[in-house]
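Q: Here is how the chains run, residue by residue.
2 protein chains.
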Amino acid sequence: MALEEGRAVTRTASASATEKLLLHHKEKHFTAGDVVRDVIMGVSDGLTVPFALAAGLSGTSAPSYLILTAGLAEVAAGAISMGLGGYLAAKSEADHYVRELKREEEEIVTVPDTEAAEIGEIFSRYGLQPHDYSPVVNSLRKNPQAWLEFMMKFELGLEKPEPRRALQSALTIAMAYMVGGMVPLLPYFFIPTAQKAMLASIGVTLTALIFFGYIKGHLTGNRPLLSAIQTAFIGALASAAAYALAKALQAA
Amino acid sequence: MALEEGRAVTRTASASATEKLLLHHKEKHFTAGDVVRDVIMGVSDGLTVPFALAAGLSGTSAPSYLILTAGLAEVAAGAISMGLGGYLAAKSEADHYVRELKREEEEIVTVPDTEAAEIGEIFSRYGLQPHDYSPVVNSLRKNPQAWLEFMMKFELGLEKPEPRRALQSALTIAMAYMVGGMVPLLPYFFIPTAQKAMLASIGVTLTALIFFGYIKGHLTGNRPLLSAIQTAFIGALASAAAYALAKALQAA
Chain A
1 MALEEGRAVT RTASASATEK LLLHHKEKHF TAGDVVRDVI MGVSDGLTVP
51 FALAAGLSGT SAPSYLILTA GLAEVAAGAI SMGLGGYLAA KSEADHYVRE
101 LKREEEEIVT VPDTEAAEIG EIFSRYGLQP HDYSPVVNSL RKNPQAWLEF
151 MMKFELGLEK PEPRRALQSA LTIAMAYMVG GMVPLLPYFF IPTAQKAMLA
201 SIGVTLTALI FFGYIKGHLT GNRPLLSAIQ TAFIGALASA AAYALAKALQ
251 AA
Chain B
1 MALEEGRAVT RTASASATEK LLLHHKEKHF TAGDVVRDVI MGVSDGLTVP
51 FALAAGLSGT SAPSYLILTA GLAEVAAGAI SMGLGGYLAA KSEADHYVRE
101 LKREEEEIVT VPDTEAAEIG EIFSRYGLQP HDYSPVVNSL RKNPQAWLEF
151 MMKFELGLEK PEPRRALQSA LTIAMAYMVG GMVPLLPYFF IPTAQKAMLA
201 SIGVTLTALI FFGYIKGHLT GNRPLLSAIQ TAFIGALASA AAYALAKALQ
251 AA
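Chains as they are written, first to last, in the UniProt record's numbering: chain A, 1 to 252; chain B, 1 to 252.
Derived by calculation from the structure, the hints in this document are not laboratory data. These numbers were taken from a predicted model, which means no experiment stands behind them. Just so you know, even glycine gets a beta-carbon here, dropped at the ideal spot from N, CA and C. Hints should not be assumed to be uniformly reliable.
What the hints assert, rightly or not - Listing some non-contacts, in silico: residues in chain B with all C-beta distances to chain A over 10 angstroms:
#: 1; residue: Asp34
#: 2; residue: Val36
#: 3; residue: Gly56
#: 4; residue: Leu66
#: 5; residue: Gly78
#: 6; residue: Pro161
#: 7; residue: Glu162
#: 8; residue: Arg165
#: 9; residue: Leu167
#: 10; residue: Met175
#: 11; residue: Ala200
#: 12; residue: Ala208
#: 13; residue: Phe211
#: 14; residue: Leu245
Unchecked claim - Where chain B lies over chain A, by a calculated footprint (3+ residues, C-beta under 8 angstroms):
#: 15; segment: 58 to 67
#: 16; segment: 147 to 158
#: 17; segment: 219 to 231
Pulled out of the complex, with its shape left as it was, chain A reads as follows (with noise of 0.2 angstroms):
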C-alpha cells in the first residue's frame, strides 16, 4: 500500500521529481572527445610505421640520412593519407546524412503509413505491443519534423553530422601523424650510424608506445597496462617484419 502510494506521489510530482533523478545520480559513461579519439589515433599510426621503417631499412647498407629520407617521406604521406583521407570521409559520410534525410522526409510525405509501420517494427523487437507503442506513433506523425529525426536516430542510426568537424578532425589527426612519427625518427638526425641510430630508436621509440598504449587504456576505458602492452607489441612486431623483409631481401 505504502509502495502504491509511493508510486502515486513520484508521478504527480512529475517533471521536478524525474530532474531530480536524472541530476543526483550522475551515469558514469564514457565519452572522449572526438578530439583526444583523432590524436589518439593520429600519435600511434605515427608512432609505428615509420619507427617500423626505419628499422628495418637499418638492417640493409643504407646510411642514416637516406633512412631519415625514407621515413621523413612516409611521415608526409602518411599524414596527408590520413588526413585529406579522413576528411573526405567525413564529407561524403555528411553528403550521405543528407540524402538519407532526404529520402526518409519524402517517404514520410508520400508513404507515411509504412513509416509509421517501420517505427512499429522497431518497437515491436523490445516486446513491445501496437497498444504500446501507437500513442508515440500517432504523436510523431502529427509533428513531422520530430518523426523525421525519430525516424534518422531510430531506423537508420544515423547521427547529425556537424560541419567543421570533418575539417578538424583531419588536421588533428594529420598533425599527431607527424608528431608521432618524428619521435622514431630523431635519432637518426643525430646520429650518422644507422645501426646506433635504429638502437635509440627503439629505446625512444618503445618507451613512448607503453608510454601511449597506456594513456590510450585510460582514455577508452580499458585497462591501461594492457593497452600499453598491446601499444608496444604492435611497434614491436611490426619493426620486426620489418627488419627481417629488409634483411631478406638484401640478401636476395
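Position chain B relative to chain A; hints supplied.
A: Showing chain B alone in chain A's frame:
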C-alpha cells in the same frame, strides 16, 4: 469522412496490413558489407602511401632495389599496424560494450526510476509527452531483458559486436593493404632505373586509384566520378609531398 474510415480500416487490419506495407515497399537504404568496407579501406591506403614513399625516394640517389626494400618494409609494417591495431581496437570495443551492458543491467535493478526517467528524457527530445510514452516505459519495466537492450541501443547507441568480426576485419584490412601496396611497387621489381620505374609506377597507380575510387564511390552511394578524382588526388598530393621533401633533404 472517407479518410477517417480508411484510417479505421487500416488500424483494425493491424498486423497483416503492416506486414504488407513493409514487404511491398522496400526502401533502398545503402548498407555496404563489412568485408567490402574493409577491402576498400585497406586497398585505398595500400595504394597511396607505398606509392608516395617509392615515388619520393625515386627523386634521391637511391637505387631501385633499395626503394623496393623501403616500399615492401612499409607495406609489411603498415599491414601489421592496420590489421593488428584494428583487431585490438575492435576487441576493446567489444569489452567496452560488455562493461556498459553490465552497468546498465545493474542500474535497471538498483535505480529503475532513474533509468525510466532517462527513457522519458530521450522520448521528450522528439516532442513526446509522458502520456504518449509511459505505456512504452511501463511495458519495458516489466521485461528487464528488453529494457536493457532498449537502453543499450537508444540511450548509449551501442550495437552488440560480433566476436568473429574483429578477426575477419583485421585479416581483410591487412591483406587488402598488402595487395594495394604491391601495385605501385611492381615496376621497381622489373625496372632497375629508379626514375623510369617511378614513371611506370605513377601510370599504374594513378590508374588503379581512379578505378578504385570509382568503385568506392559507387559502393558508398557517392558520385563515383568525384570519388575517383578525390582518390587519385590524394595519391598525387601525397607522392608530390614525399618527392619534394626527399629532394629538399637531398639538397641539404
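Q: What hint numbers does the structure not satisfy?
A: Hint check: 3, 4, 5 and 14 fail, others pass.
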